[in-house]
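Please build the complex by placing chain C on the supplied structure of chain D, with the hints as guidance.
Listed here are the chains, written in short residue letters.
Number of protein chains: 2
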Amino acid sequence: MDIKIYLKEKRELVDAFLKKYFGSPVLPAILSDPMAYSIFAGGKRIRPVLALASYEACGGTADEIVPFASALELIHTYSLIHDDLPAMDNDDLRRGKPTSHKVFGEGMAILAGDALLTEAFYFLSSHSHHASGIRSSAVLKIIREVAMAAGAHGMVAGQAEDIQAEGAVQNSENLSFIHTHKTGALITVSVRMGAILANAEKRRIASLTRYGENIGLAFQIIDDILDIRGDSAELGKPAGSDERKKKLTYPGLYGIDPSMRKAEELVQGALDALGDFSHKAGPLREIARYILQRTN
Amino acid sequence: MDIKIYLKEKRELVDAFLKKYFGSPVLPAILSDPMAYSIFAGGKRIRPVLALASYEACGGTADEIVPFASALELIHTYSLIHDDLPAMDNDDLRRGKPTSHKVFGEGMAILAGDALLTEAFYFLSSHSHHASGIRSSAVLKIIREVAMAAGAHGMVAGQAEDIQAEGAVQNSENLSFIHTHKTGALITVSVRMGAILANAEKRRIASLTRYGENIGLAFQIIDDILDIRGDSAELGKPAGSDERKKKLTYPGLYGIDPSMRKAEELVQGALDALGDFSHKAGPLREIARYILQRTN
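Just so you know, the sequences run in chain order D and C.
Residues 1 to 296 (my numbering) are what the first sequence spells out, left to right.
Residues 1 to 296 (my numbering) are what the second sequence spells out, left to right.
Isolated chain D (complex conformation) (with noise of 0.2 Å):
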């Protein structure tokens, strides 16, 4: 299987679901066309791609769990857009496009976040997409993960210890939470989504969760990895930026040798975690390897 095939139909089908909901007039043009400006931005939508591969690993079909999946995306977007924010990382570019607020200014750029966190949970607690048998048990469950993993409990607290530590001492406990927190938990509840509305077995959840944890640290890594020797152009912005703001990140507390071999020990147990699946989390597989292969 090539990992690259796959990558890319399961991004179509989330890019799918978005245009037919930001092309339909149910939202008032004033916050529609920011919030689907930053969402048709170039995201690579692996948040919602895991989900989709979770629960295909747990039996499941792809297709019925777009909408909840597409959540993800709402809500990493709304994050890029509240991060890159003058009172936060003031970044003016983001995947090579100018940033929300430089677009369509401050007030609005918030807004737009706001209104894309509030939308992800209207997907998530709709209705019309609850066919193939999702309990509402279940959907309510991942709701409250969700509202977990990106609020005061996971994403938003890793942010704030972010814009708190630029500048401080650098210091692995607050390396470790700021990971742990701000990329970490968004990206191992879209991995436990998947399983969760596959209904799958506790230890079966267990392990996957074990996986999202291993690669939501790996890629962030590597992430900051990108970002010391990376191509600008590649990366849709300027190199080196970590650096500048004095982020706290894991090359530039431990070097960029070490941070590799670590990336690459996290992929093996995200691998080892996945040991009782059967072929069907092969895309999983692939997506873990893929991680330590990307360039942008």
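Mixed in with the good hints there might be a few duds.
If chains are identical, the list can't say which one is meant, so a pair holds when it fits in one copy or spans any two.
SDA-like cross-link-like pairs, simulated, lysine to any residue; straight-line CA separation at most 20 Å [unchecked claim]:
hint	residue 1	residue 2
1	Lys247	Glu106
2	Lys247	Asp257
3	Lys245	Gln164
4	Lys141	Pro67
Calculated from the structure, these hints are not laboratory results.
For chain C alone, coordinates are given in the frame of chain D:
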């Protein structure tokens, strides 16, 4: 019955729940401090109290749905924090206290708002609250409706229109859009929440929706009148700020006396909507009347 005593009792129910939650170490301190600062900055808990009163009007016991009702206050508080930001209304004072970004900085204020919004959906989806036979399908319906009322279909759209309309030509269509979206939607869904969780008949939910729409608009009109005529000390913010910011308001567009008459008509419409309800809707009736007597 003394409505002030009723409002105080119900406010205390909500406050006790919120104090217990924010007093326990479930959230990282980096965020729970700014979240709690705004949550306990003197809010009147009108939206939660409306949900509780509506639940009682449909035969329920208020204690059973306090976590759901409290979620509405998290959403209302997040919206105030973001509205006060320099990129929005740029307000330094709220209820007589420095606003979140004055105390914690802009970045942390944005994150505290994001966290409160997300936490609201955690409150709504938490199994531990689902005692008293409230069904998962009713909870999912509530989550969907709250997301619609709070997000790009509702409150956030109203705020977007509001910041774009500042200083622009005043127009009754814009004004109506702003009112129904920015404040009306969340107040209406608060009233609907009580009825839906009580498993009320469709006809009753429709009546309560009409009640909510009427008092929502009456509440906003009185708010705008108080901004013109009010006492700064009692309001906790400088009176006349809407006019200075060239905000589109009801009294600004139609004058104070016609606006007051409109508010009275709306309150009467709200009372009419409750025509079929028993004495259990007494608090809802008194709340509607009380809106016309507010001084802060």
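Legend entry - Alpha-carbon proximity context of Lys141 and Pro67, limit 20 Å: Classified as both: same-chain Cα gap 16 Å, cross-chain 16 Å, threshold 20 Å.
Inset, instruction - Measure nothing new, just compare the shortest in-copy and cross-copy C-alpha distances for Lys247 and Asp257 to 20 Å and report within, between, both or neither. - result: within (19 Å within a copy, 57 Å between copies)
Inset, instruction - At 20 Å max between alpha carbons, let me know whether Lys247 reaches Glu106 within a copy, between copies, both or neither. - result: between (23 Å within a copy, 19 Å between copies)
Inset, instruction - With 20 Å as the alpha-carbon cut-off, assign the pair Lys245 and Gln164 to within, between, both or neither. - result: within (12 Å within a copy, 33 Å between copies)
No hint from the list above goes unmet by this structure.
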